[in-house]
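*Asks:* Can you make the complete structure from the sequences, with help from the hints?
Chains as they are written, first to last, in the numbering used here: chain A, 1 to 124; chain B, 125 to 334; chain C, 335 to 873; chain D, 874 to 1086.
Since the hints were made in silico from the structure, they are not lab data.
All C-beta atoms, glycine included, are put in the ideal place defined by N, C-alpha and C.
Among the clues, some could well be false.
Stated by the list, open to error - Using C-beta positions, here's what the derived DEER-type ranges look like:
1. L361(C) to N916(D): 47 to 53 angstroms
2. I121(A) to A284(B): 41 to 47 angstroms
3. E761(C) to V918(D): 23 to 29 angstroms
4. I121(A) to N259(B): 28 to 34 angstroms
5. K214(B) to I121(A): 40 to 46 angstroms
6. N916(D) to F122(A): 54 to 60 angstroms
7. I51(A) to Y297(B): 27 to 33 angstroms
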Amino acid sequence: MPDTKNTEHLNYSEKNFDPPTEEDFLNSLSDKNAHQEAGFGTYILIWLGLISLTAITVALAGINLAGLTVITALAIAIIKSSLVANYFMHIKFDAPIFKIFIAVSLIIFVLMIVLTFFDLIFRN
Amino acid sequence: MTEPDTLNIVNQEHTHRDDIGSKMGMWLFLFTELLLFGGLFILYASYRFMYKEEFIYAATKLDLLTGTVNTIILLTSSLTIVLAILSLQKNYKKLCLLFLFLTVALGFSFLINKYFEWRAKIEHGLFPGGSELLNTSKGETIFFGLYYSMTGLHALHVIAGLIFILIMTSLVYKNLQYNTNYQKLENSGLYWHLVDIIWIFLFPLFYLIH
Amino acid sequence: MNSQSDTKYIHYLQYRGKFKGIPGWLLTTDHKKIGLLYLIAMITFFLVAMSLGFLMKLEMLKPSSTKGSTLMSAQTYNAVFTLHGVIMIFLFIIPGIPAVFGNFFLPIMLGARDVSFPKINLLSWYFYIAGAVIVLISLHTGGGPIDTGWTFYVPYSIRTTANVSLAVFGAFVLGFSSILTAINFITTIHHLRAPGMKWFKMPLFAWGLYATGWIQILATPVIGITLLLVILERTLGVGIFDPALGGDPLLYQHLFWIYSHPAVYIMILPAMGLVSEIIPTFTKKNIFGYSAIAVSSLAIAFVGYLVWGHHMFTSGISDTSRAIFSFLTFVVAIPSGVKVFNWVATMYKASIDPRTPFLFIMAFIVLFSIGGLTGLVLGALDTNIHVTDTYFVVAHFHYVMFGGMGTLFFGGLYYWFPKMFGKLFNEKIANTGLILFVTGFNVLYFTMFIMGYQGMPRRYYTYLAEFQTLQVISTIGSWIMISGILILLGNLVYALFRGRKAPDNPWGGTTLEWTIPSPPPVYNFEKIPVITKGPYERN
Amino acid sequence: MRPNIIEQVDTTFIITIGISFFLLIVITITMIVFVFRYNKKRNPVPSNISGNTLLEIIWTVIPLILVMIIFFSGYTGFKNMRDAPENSMVVKVTGQMWKWTFEYANKKISDTLFVPVGQPIKLEIYSVDVNHSLYLPAFRVKEDAIPGRVNYLWFQPMYEGTFDIACAEYCGLSHSLMYSKLVVLPENEFYEWYNKSQPIDSTINIRNTDTQK
Chain A
1 MPDTKNTEHL
11 NYSEKNFDPP
21 TEEDFLNSLS
31 DKNAHQEAGF
41 GTYILIWLGL
51 ISLTAITVAL
61 AGINLAGLTV
71 ITALAIAIIK
81 SSLVANYFMH
91 IKFDAPIFKI
101 FIAVSLIIFV
111 LMIVLTFFDL
121 IFRN
Chain B
125 MTEPDTLNIV
135 NQEHTHRDDI
145 GSKMGMWLFL
155 FTELLLFGGL
165 FILYASYRFM
175 YKEEFIYAAT
185 KLDLLTGTVN
195 TIILLTSSLT
205 IVLAILSLQK
215 NYKKLCLLFL
225 FLTVALGFSF
235 LINKYFEWRA
245 KIEHGLFPGG
255 SELLNTSKGE
265 TIFFGLYYSM
275 TGLHALHVIA
285 GLIFILIMTS
295 LVYKNLQYNT
305 NYQKLENSGL
315 YWHLVDIIWI
325 FLFPLFYLIH
Chain C
335 MNSQSDTKYI
345 HYLQYRGKFK
355 GIPGWLLTTD
365 HKKIGLLYLI
375 AMITFFLVAM
385 SLGFLMKLEM
395 LKPSSTKGST
405 LMSAQTYNAV
415 FTLHGVIMIF
425 LFIIPGIPAV
435 FGNFFLPIML
445 GARDVSFPKI
455 NLLSWYFYIA
465 GAVIVLISLH
475 TGGGPIDTGW
485 TFYVPYSIRT
495 TANVSLAVFG
505 AFVLGFSSIL
515 TAINFITTIH
525 HLRAPGMKWF
535 KMPLFAWGLY
545 ATGWIQILAT
555 PVIGITLLLV
565 ILERTLGVGI
575 FDPALGGDPL
585 LYQHLFWIYS
595 HPAVYIMILP
605 AMGLVSEIIP
615 TFTKKNIFGY
625 SAIAVSSLAI
635 AFVGYLVWGH
645 HMFTSGISDT
655 SRAIFSFLTF
665 VVAIPSGVKV
675 FNWVATMYKA
685 SIDPRTPFLF
695 IMAFIVLFSI
705 GGLTGLVLGA
715 LDTNIHVTDT
725 YFVVAHFHYV
735 MFGGMGTLFF
745 GGLYYWFPKM
755 FGKLFNEKIA
765 NTGLILFVTG
775 FNVLYFTMFI
785 MGYQGMPRRY
795 YTYLAEFQTL
805 QVISTIGSWI
815 MISGILILLG
825 NLVYALFRGR
835 KAPDNPWGGT
845 TLEWTIPSPP
855 PVYNFEKIPV
865 ITKGPYERN
Chain D
874 MRPNIIEQVD
884 TTFIITIGIS
894 FFLLIVITIT
904 MIVFVFRYNK
914 KRNPVPSNIS
924 GNTLLEIIWT
934 VIPLILVMII
944 FFSGYTGFKN
954 MRDAPENSMV
964 VKVTGQMWKW
974 TFEYANKKIS
984 DTLFVPVGQP
994 IKLEIYSVDV
1004 NHSLYLPAFR
1014 VKEDAIPGRV
1024 NYLWFQPMYE
1034 GTFDIACAEY
1044 CGLSHSLMYS
1054 KLVVLPENEF
1064 YEWYNKSQPI
1074 DSTINIRNTD
1084 TQK
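*Replies:* Given below as structure tokens:
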């Protein structure tokens, strides 16, 4: 097998990151292979959770929830996607910088929708 | 600072590997993908606001069973790809390959399902310019316009994801991805999960709002 | 400290990798050579688009309804102004500074040997060229040159017989190029900074590129999908934007400006970063308020997402949202203003050496201030209603984009030319060219402010007789400006072949690129430097 | 009496240009003075100044106040622009490639907009093909014509005369020829025209006064 890691390059960049968020980032770099908190069992549990949530959302769609149909369906979708992101995509175990990235992207996306709706809602 | 005559280029030919950097690049790309669909979600939200009744009515024309089956297929494929990565990390190469094949199989069955769903709609004249859509409300035309654009773009992403995973399968097979070097496989996994997450939102918005 | 440039070493232009000659260039993954590939392509496109602008101004010498033939037909004129806009915006202004100077200097300024993903970096150049070629092909196929204006507004872009689909697809591909460059830069800035280079010890140019990168990543896909939908609309009639099928043309405008307003900041933030590099070098002084400038880059990038609606004040969006967008627009004006004050304050008690690059900065500050301040007229609701879609807007955005980004593109080229090519240029000729450029610029565009307020709408092939005097003055201005640009470019071409050899640090700069030989060695640094002080601190 | 839109727009413009001119002069003069005063010949040793928080706060807050003044001035004028008086005469305007058509309450149709002097006019703006924009430079008002939507603007002509109506949103080949005329007539003359039976009356000698043709 080839040698595992050429650290020559990382040596100079990783030790000198400064902002608090990056400190944690570094810690996660150094024990890269030690952060596998999730094993086969966890993944299968998450999968079972996702399937159950799908069953719930389909079942709920059959019931008339008046104005809440879309909101419940979207709430369940948000729970499902956060499960996928946190466990399957490892965000829960990754460096905080990734969480910040996601937060920034989502905030900007939400702002786009909100500002568009300032037009739509108040149109005469 | 430096003795120029010691500037030896050959020594500087460095082929470093930066796993975290590679992962960060992948995530940044995922945000791009997210916002690509984001534009469509903004349109969906706006038109649903404008044509609420028509959207609810049009949604009843979609087949809930196909949608649910496809959701379960994609969720399961998300599980299999993450298990494939875990297997590789634990150095179970054969198990990894098995899970990769399962993922690809699930991805293909999603596409086949989608194909039959689209074909059924198109046979009923439910496509842009089709007989059924021409005689219906504007809201319904928009609903199906969005339905085809969004699920179509999603299907393209499924195909792209499958191509990545097939390439990864061959890399794993050739021992080019292994227990301490699996970032490419992990990146493909991230992409596949994104495709899954987008479907998690498409499913209720099109199939469950009636 | 500096290595002696007369000692032998192999610089990046001499280095031969696996391939020689043209393939060696086309397959290079060296960030510096990729920067030069962009530079060559971009100057070519700039000159093409500038010629189109020249023709437009020539056509404006007289209203076309008067006796005698004019230069071109209305259809040609519409295609010419569209192409002028598309080429300038998508091929020059948006990618300009990041693709050329970002590629060339970002890794060096951070103390890195290359960007994080050198192969993707080359790929993005190919996307750039592919996008340009697709736009070029669209001119000669289908219904001929696109005539929609660079905004591709529906429903006109759906109805016109011109080859919109292919041209728009070209813009889509260019978006890919822009995104890949941004992913590269952000990862590079996060990962490849030299030891000791904390975030607030990073050069301000890198801050500008970092903020720009986030806009490119989060805004570009929105226009990507919008343009794809226009293609779908034309080919399949999905109805999403077509009012005849129930679509809402205003939603197209929303999505278009969700990208295209932040795109204005993609254009200007790297230019602002460059100003913040050049000023400390020639004032021999630390920049005034480093943190404020750095943070305001991020602030501008963020709030840049919140103001797109000010392009739509007369389009019929709700009155409430017009008020909100106007308010936010004024808030956005503040961080840009703060930057200008900081730059001027840096000159206080400095030791100023007004060499050519510094004169570019002075030109920039004046032109950009005029552009920014007339933006206030457009930000205010009632004046906006009067002057939007007139020459006033045309003048405003040329002051901001051309006076801002364009001036600094050439300014950056003059600042870094000795480092990039190891040659010195003639400063007297350069200064003459610059003076001609600025004079012509103001004659050309300032008259447009007046015409705009008097009610001259934009994108007009012909005009009312009362505007002729100002139009003629404006056209003469374009001749002066273009002669200035040609002198500026010619001077550099001459220097490239005949220039004297440049020392490593001709201006006395303090950032890392001045610590290595000119032109830079292949991998920039033999030993990665260790950073102990701020980028502009002097002992 | 309603505030006059023209005056409001011009006021905002003058306030904005005044503030802008002031800031531009301050920036430019300061810069030029510094370049001469702190030239390397006169001041070979630069002072080490890297910031001044108080100063930075001042030049953040003062421009903020200035731009808020502009915002409110613009907003006041805008509110007036969007709030058509109750007694407005409503005229339906339709934009199409490349002409404007005006339809009055009595179904009278014209290619030129005739209005009585002093009467507030509310224009309801439609489009049948692509986007246009109805622009009355002399009255400082403009609003887009978007297919599938109805937009509006209002204005009040205070004196008689003939004014340009332009299209300000690019709409294809003859966009720049999409001019029409606004003719402000004395009340009696207007109603004389208004009550004539012919549906389209462009025979009135407007075209002769048309400077563009």
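*Asks:* Taking the hints in turn, state whether each one holds.
*Replies:* Do the hints match the structure? See the list:
Between L361(C) and N916(D) the beta carbons are some 51 angstroms apart, a value that agrees with the proposed interval 47 to 53 angstroms. In this structure, I121(A) and A284(B) break the distance hint of 41 to 47 angstroms, their C-beta atoms being roughly 36 angstroms apart. In this structure the supplied range 23 to 29 angstroms holds for E761(C) paired with V918(D), their Cβ-Cβ distance being about 24 angstroms. Taken as a hint, the range 28 to 34 angstroms holds for the pair I121(A) and N259(B), whose Cβ atoms sit roughly 31 angstroms apart.
Taken as a hint, the range 40 to 46 angstroms is violated for the pair K214(B) and I121(A), whose Cβ atoms sit roughly 53 angstroms apart. Taking 54 to 60 angstroms as the suggested C-beta distance range, the pair N916(D) and F122(A) conforms, at roughly 57 angstroms. Taken as a hint, the range 27 to 33 angstroms holds for the pair I51(A) and Y297(B), whose Cβ atoms sit roughly 30 angstroms apart.
Consistency note: the structure conflicts with the earlier hints numbered 2 and 5.
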